[in-house]
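Enquirer: Residue numbers (my numbering), protein chains in the order written: chain A, 253 to 599; chain B, 253 to 599.
Errors might be hidden in some of the hints.
Identical chains blur together in the list; that is why a pair holds if it fits in one copy or across any two.
[Said to hold, decoys possible] In silico SDA-like pairs for lysine to any residue, Cα to Cα no more than 20 angstroms straight-line:
no.: 1; residue 1: 513; residue 2: 354
no.: 2; residue 1: 513; residue 2: 350
no.: 3; residue 1: 399; residue 2: 560
no.: 4; residue 1: 257; residue 2: 562
no.: 5; residue 1: 427; residue 2: 286
no.: 6; residue 1: 329; residue 2: 523
no.: 7; residue 1: 528; residue 2: 501
no.: 8; residue 1: 585; residue 2: 253
no.: 9; residue 1: 255; residue 2: 475
no.: 10; residue 1: 257; residue 2: 574
no.: 11; residue 1: 563; residue 2: 334
no.: 12; residue 1: 353; residue 2: 490
no.: 13; residue 1: 528; residue 2: 499
no.: 14; residue 1: 257; residue 2: 352
no.: 15; residue 1: 353; residue 2: 512
no.: 16; residue 1: 512; residue 2: 355
no.: 17; residue 1: 528; residue 2: 371
What the hints contain is simulated information worked out from the structure, not anything from laboratory work.
There are 2 protein chains.
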Amino acid sequence: MIKTKAFAAYDAKTPLKPFSLERREPNADDVVIQISHCGICHSDIHTVRSEWGPAKYPCVPGHEIVGHVIQVGKKVKAFKVGDTAGVGCFVDSCGKCENCKANEEQYCQRQTVYTYNSYETDGKTPTYGGYSSHITVREKYCLKIKKSLPLAAVAPLLCAGITTYSPLKRYNVKKGSKVGVVGLGGLGHMAVKLAKAMGAEVTVFSTSPNKSGDAKKLGAKYFIISKNPKNILDKSGYFDLIIDTVSAEHDINPYLQSLKKDGTVVLLGVPPTPHKINAFSLIGGRKRLTGSLIGGIKETQEMLDFCAKKKVFSDIELISADQINEAYERTIKGDVKYRFVIDATTF
Amino acid sequence: MIKTKAFAAYDAKTPLKPFSLERREPNADDVVIQISHCGICHSDIHTVRSEWGPAKYPCVPGHEIVGHVIQVGKKVKAFKVGDTAGVGCFVDSCGKCENCKANEEQYCQRQTVYTYNSYETDGKTPTYGGYSSHITVREKYCLKIKKSLPLAAVAPLLCAGITTYSPLKRYNVKKGSKVGVVGLGGLGHMAVKLAKAMGAEVTVFSTSPNKSGDAKKLGAKYFIISKNPKNILDKSGYFDLIIDTVSAEHDINPYLQSLKKDGTVVLLGVPPTPHKINAFSLIGGRKRLTGSLIGGIKETQEMLDFCAKKKVFSDIELISADQINEAYERTIKGDVKYRFVIDATTF
Chain A
253 MIKTKAFAAY DAKTPLKPFS LERREPNADD VVIQISHCGI CHSDIHTVRS
303 EWGPAKYPCV PGHEIVGHVI QVGKKVKAFK VGDTAGVGCF VDSCGKCENC
353 KANEEQYCQR QTVYTYNSYE TDGKTPTYGG YSSHITVREK YCLKIKKSLP
403 LAAVAPLLCA GITTYSPLKR YNVKKGSKVG VVGLGGLGHM AVKLAKAMGA
453 EVTVFSTSPN KSGDAKKLGA KYFIISKNPK NILDKSGYFD LIIDTVSAEH
503 DINPYLQSLK KDGTVVLLGV PPTPHKINAF SLIGGRKRLT GSLIGGIKET
553 QEMLDFCAKK KVFSDIELIS ADQINEAYER TIKGDVKYRF VIDATTF
Chain B
253 MIKTKAFAAY DAKTPLKPFS LERREPNADD VVIQISHCGI CHSDIHTVRS
303 EWGPAKYPCV PGHEIVGHVI QVGKKVKAFK VGDTAGVGCF VDSCGKCENC
353 KANEEQYCQR QTVYTYNSYE TDGKTPTYGG YSSHITVREK YCLKIKKSLP
403 LAAVAPLLCA GITTYSPLKR YNVKKGSKVG VVGLGGLGHM AVKLAKAMGA
453 EVTVFSTSPN KSGDAKKLGA KYFIISKNPK NILDKSGYFD LIIDTVSAEH
503 DINPYLQSLK KDGTVVLLGV PPTPHKINAF SLIGGRKRLT GSLIGGIKET
553 QEMLDFCAKK KVFSDIELIS ADQINEAYER TIKGDVKYRF VIDATTF
């Protein structure tokens, strides 16, 4: 077994603390990764605090993982020792259902095995995430990363990157597309960078007037303070696509009105209460409201390759393991530009 | 001017009464139609009762119109005297915006001129609908109907038919598609017939257990009593498309759950209060919620031709003008199988 140092939540209320665990020795199709960096995603916080249902404690969060391959199983072909690799939000799935076969393992009809707070396909072995020194993952669920890239800034692509890339690609964002991004946090800042890199004209909607400068620096052409719905309605009939990353309660009817005919609002955030949607907001102009959940392995690789080519990375603040709890508090307050990433050598 | 007998609402509260009006003599591109039949759509009732905002009184409703051409303007090419013609929900639009050019005049960016309770493009001449003996309409906004068809049963295709046909086509319903229809009224019964004619397997969701027999006769394979959400959830992950025709308050989250990945719920009805949508209902399985508004002239003609070929018509109850007010009360109670159509010779 591979001795692994980690940080874990032991319950919903107390700070994360050091934790030791053992990763499995590689099976024939496994890759062992020595983790170099792991991003802090807001969903880590929701999970360890049991805000999305009771967590399985001890809970080692983290699903924005990059590192170096130190061991491979005897049938592994795509990775060799010394390669740089990434792991995202899931580490296994059935591989046989129609969604897995369509390379959308995140919608596996049997069981998507999440990187943490989940069980392996045996239904009993808990999964532990990337706030740790090592991880063993099936080759098929690992991503290839160019060694020369700034790895700390690549880590958040594994969740924030793919989560925003997938709907931008799906709705065919290209040169000239008019894209709105609601909320400028971890997901939002990636949505701006990616949409811009695809050639879109980007507008950021935010409740924080002081984010205007950053929005423009990240690539947005317009910045709209969303507290007053009138500001949103000034763009009535304007957008092809709006990526809504906000998890706080907010009214999306004005965003639906700001879409062109056949335009789409994609929800990525999950507010605590249901959205209230007027049927007329959808019927007039045949607007669409949809959601999107991360992306499959194939699309995640495509995103990583796109980001490497376009030099799109996350804006990050690098921290050591002992700063995780402070980083959680700052993430909750939105006081981060735009992602905390843990230096995994500090576990 | 063409003397025209009609029925009109004079205010929101009192029954419709006889009314006389004059239709314009045909301009160069106009067609004058002697109306033979006009369907009663639930939106007629909402409109004349000012339930959708204050109506323009006197208000002559009716937008499911068929009849015979008795006069044509000198530049009219597509119609000649003696032809059978139809008029749907709108009678004009700008013709120049991108939506008009894309044959989607119902989404005209300047002004869709509705068949009644609207103004002509001059902004001041009121439009009067099909509860009348004659109507003068620009050739471009008239539909061609085969003389040999059962005209009374064709009339409802001009609204109920195209409103359901358009989303079925848009979402590519074909042999093997699994389609759900929520609500078995005027729109719902057309959705069932059309989806079946396109080759789909159709499931009807209704709160009325006694509609089961009818649903099957109309072409549905399954009938589900929707009062208990559990019944809907039994079909979790099942449907490609659900057409929701219900204008009463109801929870659509179970319908979203009953969709396959990338499936779509299309709203056609407008309940009095907003729908409450859990973001997770859309994110998990990347479900779509959308709406649809009638259809353009080109698509309406395509629908009429499809219905003629497939012998799909509305199930109707033919009434005379003096039965309109009684028909309204019965429509509100859902006591009609499935559309009242007025014999326009009785005005």
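Enquirer: Determine for every hint whether it applies to the structure shown.
Expert: Going through the hints against the structure:
Taking identical chains as interchangeable, the C-alpha atoms of residue 513 and residue 354 lie at most 20 angstroms apart only when they sit on different chains, with a minimum of 11 angstroms there against 29 angstroms within one chain. With identical chains, the CA atoms of residue 513 and residue 350 are at most 20 angstroms apart between copies only, with a shortest distance of 10 angstroms across copies and 32 angstroms within one. For a Cα distance limit of 20 angstroms, the shortest separation of residue 399 from residue 560 inside one copy, 11 angstroms, qualifies, whereas the shortest one across copies, 64 angstroms, does not. When the C-alpha separation of residue 257 and residue 562 is checked against a cutoff of 20 angstroms, the pair qualifies neither within a copy, at 35 angstroms, nor between copies, at 69 angstroms.
In this assembly of identical chains, the alpha carbons of residue 427 and residue 286 never lie at most 20 angstroms apart, being 39 angstroms within a copy and 51 angstroms across copies at closest. In this assembly of identical chains, residue 329 and residue 523 lie within 20 angstroms of each other by CA distance neither inside one copy nor across copies; the values are 42 angstroms within and 57 angstroms between. Proximity of residue 528 to residue 501 under the C-alpha cut-off of 20 angstroms is found in both arrangements, the shortest distances being 10 angstroms within a copy and 13 angstroms between copies. For the homomeric pair residue 585 and residue 253, neither the shortest alpha-carbon distance inside one copy (39 angstroms) nor that between copies (71 angstroms) is at most 20 angstroms.
For a Cα distance limit of 20 angstroms, the shortest separation of residue 255 from residue 475 qualifies neither inside one copy, at 48 angstroms, nor across copies, at 57 angstroms. For a Cα distance limit of 20 angstroms, the shortest separation of residue 257 from residue 574 inside one copy, 13 angstroms, qualifies, whereas the shortest one across copies, 85 angstroms, does not. For the homomeric pair residue 563 and residue 334, neither the shortest alpha-carbon distance inside one copy (23 angstroms) nor that between copies (68 angstroms) is at most 20 angstroms. With identical chains, the CA atoms of residue 353 and residue 490 are at most 20 angstroms apart between copies only, with a shortest distance of 18 angstroms across copies and 37 angstroms within one.
Taking the closest pair of Cα atoms, residue 528 and residue 499 come within 20 angstroms of each other both inside a single copy (14 angstroms) and across two copies (16 angstroms). Taking the closest pair of Cα atoms, residue 257 and residue 352 never come within 20 angstroms of each other, the shortest separation being 32 angstroms inside a single copy and 64 angstroms across copies. Taking identical chains as interchangeable, the C-alpha atoms of residue 353 and residue 512 lie at most 20 angstroms apart only when they sit on different chains, with a minimum of 15 angstroms there against 34 angstroms within one chain. In the homo-oligomer, the alpha carbons of residue 512 and residue 355 lie at most 20 angstroms apart only across protomers (16 angstroms), although the nearest pairing inside one protomer, at 31 angstroms, exceeds that limit.
Neither within a single protomer nor between protomers do residue 528 and residue 371 lie at most 20 angstroms apart by alpha-carbon distance, with minima of 35 angstroms and 32 angstroms respectively.
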